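Engineer: Protein chains in written order, with our numbering: chain A, 1 to 213; chain B, 1001 to 1341; chain C, 2001 to 2213.
Hint data in this document are derived by calculation from the structure and do not stem from the laboratory.
Please read these numbers as outputs of a predicted model, since none were measured by experiment.
Watch out, some of these pointers could steer you wrong.
As the list claims (entries may be wrong) - Each computed EDC-like pair below joins lysine to aspartate or glutamate, with the alpha-carbon atoms no more than 20 Å apart:
| id | chain 1 | residue 1 | chain 2 | residue 2 |
| --- | --- | --- | --- | --- |
| 1 | B | Lys-1059 | C | Glu-2111 |
| 2 | B | Lys-1121 | B | Asp-1140 |
| 3 | B | Lys-1059 | B | Glu-1078 |
| 4 | B | Lys-1118 | C | Glu-2120 |
| 5 | B | Lys-1059 | B | Asp-1076 |
| 6 | B | Lys-1059 | C | Asp-2106 |
| 7 | A | Lys-131 | A | Asp-111 |
| 8 | B | Lys-1118 | B | Glu-1167 |
| 9 | A | Lys-165 | A | Glu-85 |
| 10 | B | Lys-1059 | C | Glu-2120 |
| 11 | B | Lys-1059 | B | Asp-1209 |
| 12 | A | Lys-165 | A | Glu-13 |
So the chains spell out like this:
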Amino acid sequence: MDTIESVLEFYRERSDQVLELTWNHVELSLLALGFATLIFVPLGVIFSRMTRGGSGWVGAIASIRVIPSLALVFLFYPVFGFGYEPALVALTVLAGPPLILNTYAGMRQVDASILEAARGVGMNPAQVFFKVHLPLALPVIVAGMRSASVEIFASATLASFIGVKTLGQYIITGISLLDTTYLLAGGLLIVALVLGAEAILGAVERLVRPPVA
Amino acid sequence: MSDRNGETAAGSAIRLDHVVKRYPGAERAAVDDVTLAVEPGEFIVLLGPSGCGKTTLLKMINRIHEPTGGSIHIDDIEIHDLPASALRRRIGYVIQQTGLFPHIRVEDNVATVPSLLKWDKSRIRRRVRELLELVGLPPDQYARRYPMQLSGGEQQRVGLARALAAEPTTMLMDEPFGALDAITRTRLQSELRRIHRQLGQTILFVTHDIDEAVRLADRIVVLREGRVVQFASPLEIVTAPADSFVADLVGADDVLRRMSLIPVASAAQGGLTGRSSDLEEISGSAFLRDAIGQMVETGADRLAVVDEDGRPVSELSLDDIHDAVGEHEPAADPTVSAGDQ
Amino acid sequence: MDLRYLRENTDVIWEKTLEHLSLSLTALAIALPLALVLGILATRVRWLTTPVVSLVGVLYTIPSFAFMAFLIPTFGIGRQPALIILVTYAQVFLVRNVVAGLQSVDVSTLEAARGLGMNEFQLFRRVWLPLASPVIVAGIRTAFLAIIAIATLTGYINAGGLGEVMFAGINRAYPSQVLAGVIAVTALALAMDLVMRVLEQFTPVARARRAAS
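This is chain A alone, in the form it adopts within the complex:
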């Protein structure tokens, strides 16, 4: 087909630029995923260990999901202006709900009798946490990272509206010029990135899942 031909042509002719935008997209997304994991996983762990009020905090953070992602991306523009910072903060916040929900659920679903047994064989609290509790919750937490990464890679596209040169740039240009090649070239790469991120974290998830008898 002509369109596929022209998209491939587009990738060939502008390979340097394509690589640069792709790399920007990936870098921004991975940074956001990293920050979000460092913030929300510990928070989820803390909330899961609170005797009361924990689920309320989790619910409050999870309600961020209701906010349209574009609104979230624009929310930090008045604070930071154009550029990298507002995008990074927005994407980090965006990853909050899946991470915190899964961490909380993952920690809570571990069978109390297993933890009791761990204490029973003489583990101290830190050992119980790092050797038993966290490893058992890990598959669910990684599943949360997988959903978070899908959200982030998808929304990193929108960062182009506030001046970060991600793959969203091609779609924005495509809309301004009403140019099918730009639209498809950008759209296809974004879909590929999202599917790639999902596949990689899906593989990690299987890796940390305890073998089933």
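Fit chains B and C to the known structure of chain A by using the hints.
Structural biologist: Chains B and C in isolation, oriented as in the chain A frame:
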């Protein structure tokens, strides 16, 4: 099928002629050339191990499953001469999982078929109250509840009331008490007998539990691999099993087991005498095992057998018990069972 | 936070909010019957189930902006194309939940309904649909929120709504205007989430559950 003008719905006659059900790809037919004639008002139990075709056979009568061969008549109407939904509205249907609709109240569950039949509101309301009384659920207490608020036994009572709502002349029941605990099951069994006596519909009841079959049935159909092995009264099934398969099913060589399956009424041979009123009484629907227990306990060698209203009808002696358990001994017939093995 | 624009242009924001809501509601009103038909077909026609469910699963992973990029070459820009994009994307959430809802209903309940003599239409209206409704209504909520979010994006292709306010603010480098749009669309999303959650309480199953607890 009888018309519904009368207050008490009579039972339908049901006739199965060479009924076959073959599922695509299955090696043998699930139901294999079954011919049966059921009298109006009979309580028939379909008995057999899982996979014997009893449920399939039952569900062909209301066309949940369609037969691949043969014909089924209810009161001389071939069931395929009616639209399936019209046929089903005339047949009560109770299943083990109750199938109650969780999103509507007990009263609306019971009113399902009357409302499909477009009865007027006040008639439906009267009927629902009447039915809840009948199945032992005081309407004031239960009508407004949701199924989730009831125990398993109560749910099954609602299921029974729902099936009875439009005065069906035929009831199909697929292991309705299978998921209940033993005490609830026994209680519901005797209430079902009472309701059957009161209303007189024809009931086809599927179970794999021989005790339940004996307790409930007028006649039992024993099925194996889709075929009828024996169609006879409970007493005959227990005392004269047709082959070794039925004998194993009823535990024919175990005297204790047989005594717990033979009802007192069917074993008692003594007529009433002048001293009947002085004897210890036993219900005709109790089993010989209970009679023996009572004799040992009281030192009596005769008991007065009473009917459901407590009137003495006959006398039961130790000899009667001996005869009932022993007389058909050759019926676990070596020639029959040898041929079968 | 600079709320000047919001204060001085309350009428504009209000008008744009209503425009946003009306676009979203129109999209939902078209999308829902379509999804019910598709979902019912996918459930009842056995050979359709797997293709429809997997197609919906694939569409689910496509980021909304990329999805827009794929449809613009065919449908162009403006309110009409925006509506098509919203209706199409909403199918993902709606069909998914219609199928899941219908499949969640206990088969023995359906058999009992047939056994009592309901015809297929009565069975559907009196038993199947009401019992599937909690899952379907949850899907409607998710779909509605997704529609509101993407209707922000379609502001970029001249479909009106609050996205237009934000993009105008970005173009003029006027943070207060962007913030006004962000606040309004967030409020709209939160309000609609609440409305849908209240509606969920009115499904017959929710009512029965409440009575039982």
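Engineer: Now tell me, hint by hint, if it's right for this structure.
Structural biologist: Taking the hints in turn, this is what the structure says about them:
no., hint, result
1, B:Lys-1059 <-> C:Glu-2111, "10 Å, holds"
2, B:Lys-1121 <-> B:Asp-1140, "18 Å, holds"
3, B:Lys-1059 <-> B:Glu-1078, "15 Å, holds"
4, B:Lys-1118 <-> C:Glu-2120, "17 Å, holds"
5, B:Lys-1059 <-> B:Asp-1076, "19 Å, holds"
6, B:Lys-1059 <-> C:Asp-2106, "18 Å, holds"
7, A:Lys-131 <-> A:Asp-111, "14 Å, holds"
8, B:Lys-1118 <-> B:Glu-1167, "14 Å, holds"
9, A:Lys-165 <-> A:Glu-85, "13 Å, holds"
10, B:Lys-1059 <-> C:Glu-2120, "18 Å, holds"
11, B:Lys-1059 <-> B:Asp-1209, "19 Å, holds"
12, A:Lys-165 <-> A:Glu-13, "18 Å, holds"
The earlier numbered hints are all upheld by this structure, with none contradicted.
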